[in-house]
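**Student:** Starting from the known structure of chain U, arrange chain A on it as the hints suggest.
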Amino acid sequence: MAEVPTGYTVLHERPKAFYDTFERKGDLQGQTHYCPGCGHGLAHKMIARAIDELGIQDRVVAVSPVGCAVFTYYYFDTGNVQAAHGRAPAVATAVKRSRPEAIVFSYQGDGDLAAIGTAEILHAANRGENITVFFVNNAVYGMTGGQMAPTTMLGQKTTTSPLGRDAFNEGYPLHVCELLAALEAPVYLERVALGNAKQVMAASRAIKKALTNQVKGLGFSLVEILSPCPTIWKMNPAKAQERVREEMVKVFPPGVYRDRTAEAQTRPAPPPPPRLEELPRLLDLEAHDFTPAADFQPGALDLRIKVAGFGGQGVLMLGEVLAEAGLLLNLDVSWLPSYGPEMRSGTSNCHVRISNRTIASPLVARPTMLLAMNEPSLRKFVADVDKGGWVLYNARSLPADVKAPEGVHVMCVPFTELADTLGEPRAGNIVMLGALLEASGILSREAIDRALEIHVRSARWLELDRRALELGRDAARKELAYACV
Amino acid sequence: MAKQLIKGNEAIVKSAILAGCRAYYGYPITPASEIAEAAALYMPRAGGVFVQAESEVSAVNMLYGAASAGVRAMSASSGPGISLMQEGISYLAGAELPCVIADITRGGPGLGNIAPEQSDYNQVVKGGGHGCYRMLVLAPASCQEMADLTALAFDLADAYRNPVMVMADGFIGQMMEPVEFAAQAHPPGSQPWAVEGNRETRLNLASSIHLEPDRLEEHIRHLEQKYLRAQREAVRCEHYETGDAEIVLVGYGIVARILKAVVDEARAEGIKAGLLRPITLFPFPSAQLRALARQASVFLTVEMSTGQMVEDVRLALEGRKPVEFYGRCGGNAPSAAEVLQVVREVARRSTPVLIPGAIAKTEVCHG
Chain U
244 MAEVPTGYTV LHERPKAFYD TFERKGDLQG QTHYCPGCGH GLAHKMIARA
294 IDELGIQDRV VAVSPVGCAV FTYYYFDTGN VQAAHGRAPA VATAVKRSRP
344 EAIVFSYQGD GDLAAIGTAE ILHAANRGEN ITVFFVNNAV YGMTGGQMAP
394 TTMLGQKTTT SPLGRDAFNE GYPLHVCELL AALEAPVYLE RVALGNAKQV
444 MAASRAIKKA LTNQVKGLGF SLVEILSPCP TIWKMNPAKA QERVREEMVK
494 VFPPGVYRDR TAEAQTRPAP PPPPRLEELP RLLDLEAHDF TPAADFQPGA
544 LDLRIKVAGF GGQGVLMLGE VLAEAGLLLN LDVSWLPSYG PEMRSGTSNC
594 HVRISNRTIA SPLVARPTML LAMNEPSLRK FVADVDKGGW VLYNARSLPA
644 DVKAPEGVHV MCVPFTELAD TLGEPRAGNI VMLGALLEAS GILSREAIDR
694 ALEIHVRSAR WLELDRRALE LGRDAARKEL AYACV
Chain A
2 MAKQLIKGNE AIVKSAILAG CRAYYGYPIT PASEIAEAAA LYMPRAGGVF
52 VQAESEVSAV NMLYGAASAG VRAMSASSGP GISLMQEGIS YLAGAELPCV
102 IADITRGGPG LGNIAPEQSD YNQVVKGGGH GCYRMLVLAP ASCQEMADLT
152 ALAFDLADAY RNPVMVMADG FIGQMMEPVE FAAQAHPPGS QPWAVEGNRE
202 TRLNLASSIH LEPDRLEEHI RHLEQKYLRA QREAVRCEHY ETGDAEIVLV
252 GYGIVARILK AVVDEARAEG IKAGLLRPIT LFPFPSAQLR ALARQASVFL
302 TVEMSTGQMV EDVRLALEGR KPVEFYGRCG GNAPSAAEVL QVVREVARRS
352 TPVLIPGAIA KTEVCHG
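So the protein lines, in turn, are chains U and A.
Take 244 as the starting number for the first sequence in the working numbering and just add one per residue.
Take 2 as the starting number for the second sequence in the working numbering and just add one per residue.
Okay, chain U solo, but in the shape it has when bound (with noise of 0.2 Å):
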């Protein structure tokens, strides 16, 4: 700045939230690129000397739009980020939520704010962001040279509306206020107008408070400014502001939308983070504490599991506690479910395996185990069971017409039905589980106990599933007993 020389008092200066020359600008680094008249010029100005006045030209982040003000940063001596079009309110969101000491603006257009960007501008004002949106609506598109915009008025001609604008067509233009203000969250809604000195006025002071909101932490403010664009609409500059003051308040009347910054209560600060050391803790990865018996040997262990049956039976959680007990024990184990629309109903499988050698592939193409809770999944399944392998089914027999490849044992228990007997028919899975153990002599009882422990949290399911676990066991012996193999 030029040092005032003796007997002269500045009046009026220009804004220090300004450069001083415009380097980012190619050439003419002495002015701005928007037209004689345009609205921009003002409504930078205006909020440039806001930042002055509240003192808090080192926090603010200026996020530009695409649109003519898309080289707002040229102008702006501030932190400066460009978004894509319309997005400039999930941008600014990140910003803020990230750096939240900073002070957060998105200057955006009628296409880029009102057309494309509208998802984004309802959802950062209806997540109550605190962060601050000034949108310049001139009813056109500026920068792309003259197309119809969102809020382009009724009968107003531009390059894709060259008849006018008709409502049977085109539809009405949008009310961005109005809209915003149906939303709970929004602190502060504003619009108004470039249209004369008075209005200039009114909106300076709208500008400033859209920022002193954010200041204090109070949420989202917007701050709609009816600007007139004279290159475009084809008006020397008088005549567009007198346009703005005539024909565009009466389609976009003026006034608050929505002021609850009196009540709006201040956001607490974020707690401060935890030390590094914390974090093992606060992501549940501390260890299980399991050491497997001196004289557990697994020797050449390969089990290829599959257990299914429907949604609800709880065969995903069965071959959770099988993969979490051979972990335990220090074997390699996989655990691949069936995911979608089985969780919700029809039938859910997943393959579990468990192996004293690095397991390659966690697909289990031919299962030896077969866990199956219900009749679709004891047909679907059971002809893959490899030789030497198990079948376990929830029924008292085989169907009639189903068999089991030669060489497989089979063991039916009704295991939903003991499970009743305990009151909770849900705990079939585990009844399951208990007689696999049994009859397979897999894993160990301990390794089994503690990956229950490990997986069920409530009190009142561990104490169930373990009685289910010896119920399955007793029904397995007796089951071996009678040699059903």
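Bear in mind the hints are in silico, worked out from the structure with no lab data behind them.
On a predicted model such as this, the values are computed, not experimentally measured, just so you know.
For glycine and all other residues, C-beta sits at the position ideal for the given N, C-alpha and C.
Careful: at least some of the hints might be erroneous.
[Stated by the list, open to error] A short, non-exhaustive set of chain U residues, derived as facing chain A with CB atoms under 7 Å:
hint: 1; residue: 298
hint: 2; residue: 299
hint: 3; residue: 301
hint: 4; residue: 304
hint: 5; residue: 323
hint: 6; residue: 336
hint: 7; residue: 345
hint: 8; residue: 517
hint: 9; residue: 570
hint: 10; residue: 580
hint: 11; residue: 598
hint: 12; residue: 600
hint: 13; residue: 604
hint: 14; residue: 659
hint: 15; residue: 687
hint: 16; residue: 688
[Claimed, not checked] According to the in silico footprint, chain A covers these stretches of chain U (three or more CB under 8 Å from chain A):
hint: 17; segment: 559-567
hint: 18; segment: 717-723
**Tutor:** Structure of chain A alone, referenced to chain U:
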């Protein structure tokens, strides 16, 4: 740290936080939703940010905002959502903003289905957005790699100032395996170029605009140099039994796991098979494939698609050796048995190894 039995999707989030990530923005989609769910729980615990965005379009632009502010940030989605993110990814690459996105792939095109497929290769590896940019793409094949490669992705993102994709199929996302997490947590840092809303960073600008053609060309050349550097320095792949392999299988993600089983079974039958598993899909292990062309007589690419990566295998080999393809799609994974059958057929009809001298000559030409 002790091993945890954990879903691949959940491992991504925990590893990301240990790697210093403190911001997650995403939109739920099967089979990636557990990532958002875990982030919703753990990000706030770690003092980080979680926001469920209104769309993947918003999510990727939030990522742009968080990355502009200099924090390690991530998102995740699956095919349809990644398609929506492509615009934002182009902006992130253009503005040189580092971040990590996980793509837990499913069946397409359109709504397709939610079962695992590898048909996002083209849109992710080749760059589905506009402009001359690339993403670095990592392809985990296990839950352990979901953790390890997520951590690596953040380092690469910072080193190259570029978005990095961790692309895994729905199987790897949904399955549980033992995972050992990093013992040392990486502190959330800051970047000298970031826009943090303070005096030190006031002059900084995050932008992808370069209005003057000469300036934009200069910028694009700068990006190009980064991608060339990645091709020199960031390639990762796994060789399995390739030492004397005459048939080299090529596959990534869950397919590579199946192919390992195929290699074992083929060798048991006396077929000299091996596996090259790309871990980085961009940069692609082209030189490593070319090196194998000296001894191998044929390559067999297996994918859960109708053939996308196979084009890169063919480009890498430059016609030195025939490249066969076997693919399943729609959510079906090839079984080891069916691939083994293909391997037997390929072995039967493949020609013997060519004269080594002739290969060596070509090798010199192409580095």
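**Student:** Do the numbers back the hint for residue 336 of chain U, that is, is its least Cβ distance to chain A under 7 Å?
**Tutor:** 6 Å, holds
**Student:** So is the segment 717-723 of chain U in contact with chain A by the C-beta rule, three or more residues under 8 Å, or is the coverage claim wrong?
**Tutor:** violated (count 0)
**Student:** For the hint on residue 517 of chain U, just tell me whether its beta-carbon gets within less than 7 Å of chain A.
**Tutor:** 6 Å, holds
**Student:** Holds or violated: the hint that residue 301 of chain U contacts chain A, with Cβ atoms closer than 7 Å.
**Tutor:** 4 Å, holds
**Student:** Just to make sure I understand the rule, a stretch counts as covered if three or more of its residues have a C-beta closer than 8 Å to a C-beta of the chain. Does the segment 559-567 of chain U meet that for chain A?
**Tutor:** holds (count 3)
**Student:** For the restraint on residue 659 of chain U, tell me whether the closest CB of chain A is nearer than 7 Å.
**Tutor:** 25 Å, violated
**Student:** Answer holds if the nearest beta-carbon of chain A is closer than 7 Å to that of residue 299 of chain U; otherwise answer violated.
**Tutor:** Since chain A brings no Cβ nearer than about 9 Å to residue 299 of chain U, farther than 7 Å, the hint is violated.
**Student:** Holds or violated: the hint that residue 598 of chain U contacts chain A, with Cβ atoms closer than 7 Å.
**Tutor:** Status violated, d = 12 Å.
**Student:** Go through the hint on residue 345 of chain U and say holds or violated, using the shortest Cβ distance to chain A against 7 Å.
**Tutor:** 2 Å, holds
**Student:** Under 7 Å is the threshold here; is the Cβ of residue 580 of chain U close enough to any Cβ of chain A for the hint to stand?
**Tutor:** 6 Å, holds
**Student:** Should the hint that residue 687 of chain U touches chain A count as held when the rule is a Cβ pair under 7 Å?
**Tutor:** 17 Å, violated
**Student:** Hint residue 688 of chain U vs chain A: min CB-CB distance below 7 Å?
**Tutor:** 19 Å, violated
Of the numbered hints stated above, those contradicted by the structure are hints 1, 2, 11, 12, 14, 15, 16 and 18, listed in ascending order.
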